[in-house]
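Trainee: One letter stands for each residue in the lines below.
4 protein chains.
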Amino acid sequence: MRIPRLAPEWTTTEWLNTSEPLTLERLRGRVVLLHAFQMLCPGCVTRGIPQAQRVAEYFSHEPLVVVGLHTVFEHHEAMRVESLRAFLHEYRVRFPVGVDAPDPAGGFIPRTMKAYAMQGTPTTVLIDGDGRIRQQTFGVHDDLRLGAALAQLLSELRGARHSAVDGATLEPKRFGCDEDGCANR
Amino acid sequence: MRIPRLAPEWTTTEWLNTSEPLTLERLRGRVVLLHAFQMLCPGCVTRGIPQAQRVAEYFSHEPLVVVGLHTVFEHHEAMRVESLRAFLHEYRVRFPVGVDAPDPAGGFIPRTMKAYAMQGTPTTVLIDGDGRIRQQTFGVHDDLRLGAALAQLLSELRGARHSAVDGATLEPKRFGCDEDGCANR
Amino acid sequence: MRIPRLAPEWTTTEWLNTSEPLTLERLRGRVVLLHAFQMLCPGCVTRGIPQAQRVAEYFSHEPLVVVGLHTVFEHHEAMRVESLRAFLHEYRVRFPVGVDAPDPAGGFIPRTMKAYAMQGTPTTVLIDGDGRIRQQTFGVHDDLRLGAALAQLLSELRGARHSAVDGATLEPKRFGCDEDGCANR
Amino acid sequence: MRIPRLAPEWTTTEWLNTSEPLTLERLRGRVVLLHAFQMLCPGCVTRGIPQAQRVAEYFSHEPLVVVGLHTVFEHHEAMRVESLRAFLHEYRVRFPVGVDAPDPAGGFIPRTMKAYAMQGTPTTVLIDGDGRIRQQTFGVHDDLRLGAALAQLLSELRGARHSAVDGATLEPKRFGCDEDGCANR
Chain A
1 MRIPRLAPEW
11 TTTEWLNTSE
21 PLTLERLRGR
31 VVLLHAFQML
41 CPGCVTRGIP
51 QAQRVAEYFS
61 HEPLVVVGLH
71 TVFEHHEAMR
81 VESLRAFLHE
91 YRVRFPVGVD
101 APDPAGGFIP
111 RTMKAYAMQG
121 TPTTVLIDGD
131 GRIRQQTFGV
141 HDDLRLGAAL
151 AQLLSELRGA
161 RHSAVDGATL
171 EPKRFGCDED
181 GCANR
Chain B
186 MRIPRLAPEW
196 TTTEWLNTSE
206 PLTLERLRGR
216 VVLLHAFQML
226 CPGCVTRGIP
236 QAQRVAEYFS
246 HEPLVVVGLH
256 TVFEHHEAMR
266 VESLRAFLHE
276 YRVRFPVGVD
286 APDPAGGFIP
296 RTMKAYAMQG
306 TPTTVLIDGD
316 GRIRQQTFGV
326 HDDLRLGAAL
336 AQLLSELRGA
346 RHSAVDGATL
356 EPKRFGCDED
366 GCANR
Chain C
371 MRIPRLAPEW
381 TTTEWLNTSE
391 PLTLERLRGR
401 VVLLHAFQML
411 CPGCVTRGIP
421 QAQRVAEYFS
431 HEPLVVVGLH
441 TVFEHHEAMR
451 VESLRAFLHE
461 YRVRFPVGVD
471 APDPAGGFIP
481 RTMKAYAMQG
491 TPTTVLIDGD
501 GRIRQQTFGV
511 HDDLRLGAAL
521 AQLLSELRGA
531 RHSAVDGATL
541 EPKRFGCDED
551 GCANR
Chain D
556 MRIPRLAPEW
566 TTTEWLNTSE
576 PLTLERLRGR
586 VVLLHAFQML
596 CPGCVTRGIP
606 QAQRVAEYFS
616 HEPLVVVGLH
626 TVFEHHEAMR
636 VESLRAFLHE
646 YRVRFPVGVD
656 APDPAGGFIP
666 RTMKAYAMQG
676 TPTTVLIDGD
686 GRIRQQTFGV
696 HDDLRLGAAL
706 AQLLSELRGA
716 RHSAVDGATL
726 EPKRFGCDED
736 GCANR
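Residue numbers (the numbering used here), protein chains in the order written: chain A, 1 to 185; chain B, 186 to 370; chain C, 371 to 555; chain D, 556 to 740.
Rather than coming from a laboratory, the hints here were simulated on the basis of the structure. Keep in mind that this is a model prediction, so the values were computed, not measured. Don't take every hint at face value.
As the list claims (entries may be wrong) - Rough simulated footprint, nothing fancy, chain A against chain B, three-plus residues with beta-carbon under 8 Å:
(1) 213-220
(2) 297-305
(3) 320-331
What the hints assert, rightly or not - Here are the computed distance ranges between Cβ atoms for each label pair:
(4) E580/D <-> D363/B: 54 to 62 Å
(5) R317/B <-> P8/A: 18 to 26 Å
(6) E549/C <-> A300/B: 50 to 58 Å
(7) E447/C <-> D288/B: 22 to 30 Å
We put the beta carbon where it would ideally sit given N, CA and C, even for glycine.
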């Protein structure tokens, strides 16, 4: 059996969308989705970030936190914090975003990215309530798998005592068919 | 607190994609996703059925069964079993599909559809390991919510002892950026 | 130089969505988009037919006619005219659709499909104002190419004297950015 | 009858993806698609620029030129030329892009954007072979309309003598159906 390792603490130079820096230690007891991205990475912009936004919205009533990490490893001059700030504004990213600290030895890969051995962007890390890395994915998950993985981590938090499966139904708009389906009344 | 009701047994005239009829009773101990559809319902064809297929594929190693139900409530002559059979073949639907039995009193709504008080197609019913209806949705779920709901029901089955969250990562194909993301090595 | 051949006349058993049968001869002087499909062909349903519908709508003020042809070459029992009629109703197909006549020798391929040497469905045939086949495509075009090809045939009709390029602009809804763009006032 | 006005000459500070600055005067005799965008405008990134790239690729053998114009009217510090250069690299934008010159009076709207009275980004301007504005659209066109408009302008150039409608067909991959369609041989 593979024992998940403790997620390394983040090393950042700045935080946006939050009044104070976030630390993993203070997020114990909650599930954390860490989304590492670069603002000029097409796969992040068109798929990764929108997915992180959907997660933040859908699980907003759960003990789950979505945290962005700007892990610039190329075109450093092009993605400075003023550009990132405008990017978050225009793309309506509301979750907190930390700026990964540069390598003190002058390398291209920033410090947190290195500590997690990330292979590129986007990378999505799922961290459980005990602060352990349970899944780290380079590229984009599909929503079905990601939803399932997050619900599993949440059910572990709860000991599966309370169910998040509700009975909500979508009300049909009218008799007949539209692109959503066909109503019988 | 709302107590989920026991899912009514299905009343069918025929089964496709299975050597013998399925009953809810025999599926106890497993999570069931019941997907009610009509082969000429656009929302079913373009969104509902592909989603049910993704669920069947992704959860194929879990105690979870996807069952289709052909609940024709309009254009009965146009959706007879020969047409359904060809439809399942062309759309590569592999999960078992039952044909809902017609109303003996001659009404439009078939029997199982009526027993579940479904409002139209597609309708997705999530049934837990004890045979209770936990969620019934008319229209199309998003994948994130559906994945989360199914994982929750699976974790209840297991008592959340064993985790389905694995550590799989997507391998980067090459250095540089493509539509999936940017690799750093 | 390749001389386009005259489009063979259609041989049909029935017409839907029109009060009287259509013939190529009576459509001379207009551009014709002939869309050959089967109601149980997934590529037709999800991509080909929606594209033909967009063409019918966009070019509704031009001398251009979209004509459907139901060319069943497999599962004949599953796609009889009652099923086709329900299909057209549910998918809101409004353009005229002819039912291709069966091979009198009992072969699988219907007569018009054979006369055009179509390779399968969907097949889109562009016929110019003189009744000549100018393009025949198996599979799905992209919209940019199809729009360009149709406009070219229309400009030949007109002798390119009158321009269909208008000056319409999309009005911005509000200041700021949304998924359509960013407005400056 | 509305007489199209002559497209104002561009006023730029820099050009990328080209060895020398482009002027409208030197592009006479060709159709020009001018795509005005901002690198942090979501609608430009996800829809407008990909469409301009498709046009550049599809019409590469025609007398048609796609020209980008970076018309920054907000977050000026965030979208400087170093950032734009990295953006074009990561998004694989190959067509020439001019940087619109700032307002000498210190206003937010850059000079070319003002000269064309653009309402925001993306804006697509179609300029005919005589240098006249034939269509200016704020927001995103659909491909069918844009393909038709460009083909119309090209046919005017040629006097509609030579046809760009070829007879290309997509070869079926195999017998049976896939997401593109159903083959009969």
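Trainee: Find the hints from earlier in the document that the structure breaks and name them by number, from lowest to highest.
Mentor: 1, 4, 5, 6
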